[in-house]
Amino acid sequence: MDRDDAERPGWVRLPGYDDDTGYQRDAGPWRGAASPRAGGVRRLRRASNWTAAALIAVVAAATGYFVHHASPATPTVTTVTGTAPGTGSTAGPGKPTLSSPVATSTGSGVVVTTGPGGVKTYHYRGDN
Amino acid sequence: MTAARYLTMENTWRRIDTGARTVGVAERAALGTSARVAAWPAHQLPRVLAAVDTELALLDQQASRFRPDSEISAICRGASGAQGGGSRIVSEGLAEAIAVALAAARWTGGLVDPTVGGALCSLGYDRDFAAIRSDGAMPRGPAHVPGWQSVRLDGRRLRLAAGTWLDLGATAKGLGADRAAREAAAAVPAGGVLVSLGGDIAVAGEAPVGGWPVLVADEHWPEPTSQAPDRGGRPAPFPPQSRGQVVRLVTGALATSSILCRQWRRGGRTLHHIVDPRTGVPAVGPWRTVSVAAANCAAANAASTAAIIAGDQAPAWLAAQGLPARLVARDGSVRLVGGWPATDDGLLEPPGICRTPAGPGPVPGSVALAVPAAVDRSSPPGPARRSAGRTPPGPRRSPGARRWR
Chain A
1 MDRDDAERPG WVRLPGYDDD TGYQRDAGPW RGAASPRAGG VRRLRRASNW TAAALIAVVA
61 AATGYFVHHA SPATPTVTTV TGTAPGTGST AGPGKPTLSS PVATSTGSGV VVTTGPGGVK
121 TYHYRGDN
Chain B
1001 MTAARYLTME NTWRRIDTGA RTVGVAERAA LGTSARVAAW PAHQLPRVLA AVDTELALLD
1061 QQASRFRPDS EISAICRGAS GAQGGGSRIV SEGLAEAIAV ALAAARWTGG LVDPTVGGAL
1121 CSLGYDRDFA AIRSDGAMPR GPAHVPGWQS VRLDGRRLRL AAGTWLDLGA TAKGLGADRA
1181 AREAAAAVPA GGVLVSLGGD IAVAGEAPVG GWPVLVADEH WPEPTSQAPD RGGRPAPFPP
1241 QSRGQVVRLV TGALATSSIL CRQWRRGGRT LHHIVDPRTG VPAVGPWRTV SVAAANCAAA
1301 NAASTAAIIA GDQAPAWLAA QGLPARLVAR DGSVRLVGGW PATDDGLLEP PGICRTPAGP
1361 GPVPGSVALA VPAAVDRSSP PGPARRSAGR TPPGPRRSPG ARRWR
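So the protein lines, in turn, are chains A and B.
Numbered per our numbering, the first sequence spans residues 1 to 128.
Numbered per our numbering, the second sequence spans residues 1001 to 1405.
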């Protein structure tokens, strides 16, 4: 609801208020010859738009930076980088999917071989 | 004259590139074998490794019979000294390790017995495996195995019969993997951990999608080995005939025992480290390698060792326990029992129902290995069961033992 408080004590009208032709928009003169007040409002709106755009851009850039550089607090941000096809990926809430064995179950993990000259060689196995 | 060349794996963690960037994997030498750790998310690997280091160091100090300064070595020296026997207070960690070993002995009807240490020493396995002499004379006869029922553990108070040498080899690595996996998973806020000690594997936390892929291998490397390349200490690829099978583990543990590993020679005979407590000499049976999945690695380790000793009765016993198992016969044929997956990439589903893991407590009598509840209802393999719960087994000799005297 519009309300004109111009007559309230302590309130001062903006300069050029009395020259405001806003009520003559139907006649079209406001477009080309805006009053000082209308021009101020437009400048303010334009400045606000640029400020908002700049803020959005800064926030987006900061968010992108932290997503890529911050240590993950939970496994949900675990990503696959540079993984050879078929060797590992993520699925579900951060859980990896492995296609190659990460360990080997063998008897005691040691095998002894005897080469030429009776040279014994101890191979620690347990991986492949 | 033979010479030993030891391809040493470093004692510091070495990162392993498995191709999966989301999972960190590292490996180092530990406990006379290799330790491998996998963790996701990969950035948590350093914290996981620190937790594993702590547990491995503790276990080594407590239970390694190859370290003269370990707690168990000091105790066994005392039991074999002039005074002999007697009781002493042990650390909580060693008490737990002995309690688990005794529970495994009870579970397997004495086929897995921690008092075979003396027999192993008499056969030449009295030092770290890498330091065993290439050959030597055979003992005049099988060593006396005092029997697990001669060991008394009440809380932290341990009493050994005179001359007893404990060897926790059938359970200690598994227990170490259980401890390390549990502590490592607790050290990180999220994700999952796999710990392998010489191929005995425990997992904790959340598994990757579809489970941890693990290669189950039957180490059959012919000798002499022109096929065994020297890769500067790096593991060589498996020969095609022992490629094994890839399985996936979501929970629980997986262990493999084999008579093909840790072999040495005495008196012109090839010996291995799995001693049958009934005979005091290496087990002779139809299986060369047995892999077992169980609720925890100590149970899997004990079951796979017992199966090697149990021989023909092993498949039925493993099936009765509900333990998925893969048994490789001496001729290379494979037998699967207990729901072990028949194909590559199959899911291993060890029984989830288990008792509270053993802790220090009155043994023998009430400490249970963390195994399925069905354990006590079925008949463990081997004639040793008949004497379980009665008198401690005395010296026993089998026809097999007499053969090599």
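These aren't lab readings, by the way, just hints derived from the structure by calculation.
Mixed in with the good hints, there may be bad ones.
Sample of chain B residues facing chain A (criterion: CB under 7 Å; computed from the structure) [said to hold, decoys possible]:
(1) A1020
(2) V1023
(3) V1025
(4) A1026
(5) R1036
(6) L1056
(7) S1064
(8) F1066
(9) P1068
(10) G1078
(11) G1205
(12) V1209
(13) P1213
(14) V1250
(15) T1256
(16) S1291
Because the structure is a prediction, the values reported are computed rather than measured.
Every residue, glycine too, gets a C-beta built ideally from N, C-alpha and C.
Hints, verified against the model:
no., hint, verdict
1, A1020, "3 Å, holds"
2, V1023, "6 Å, holds"
3, V1025, "6 Å, holds"
4, A1026, "11 Å, violated"
5, R1036, "5 Å, holds"
6, L1056, "14 Å, violated"
7, S1064, "14 Å, violated"
8, F1066, "13 Å, violated"
9, P1068, "21 Å, violated"
10, G1078, "28 Å, violated"
11, G1205, "10 Å, violated"
12, V1209, "4 Å, holds"
13, P1213, "5 Å, holds"
14, V1250, "11 Å, violated"
15, T1256, "4 Å, holds"
16, S1291, "6 Å, holds"
Of the hints listed earlier, those the structure fails to meet are numbers 4, 6, 7, 8, 9, 10, 11, 14, in rising order.
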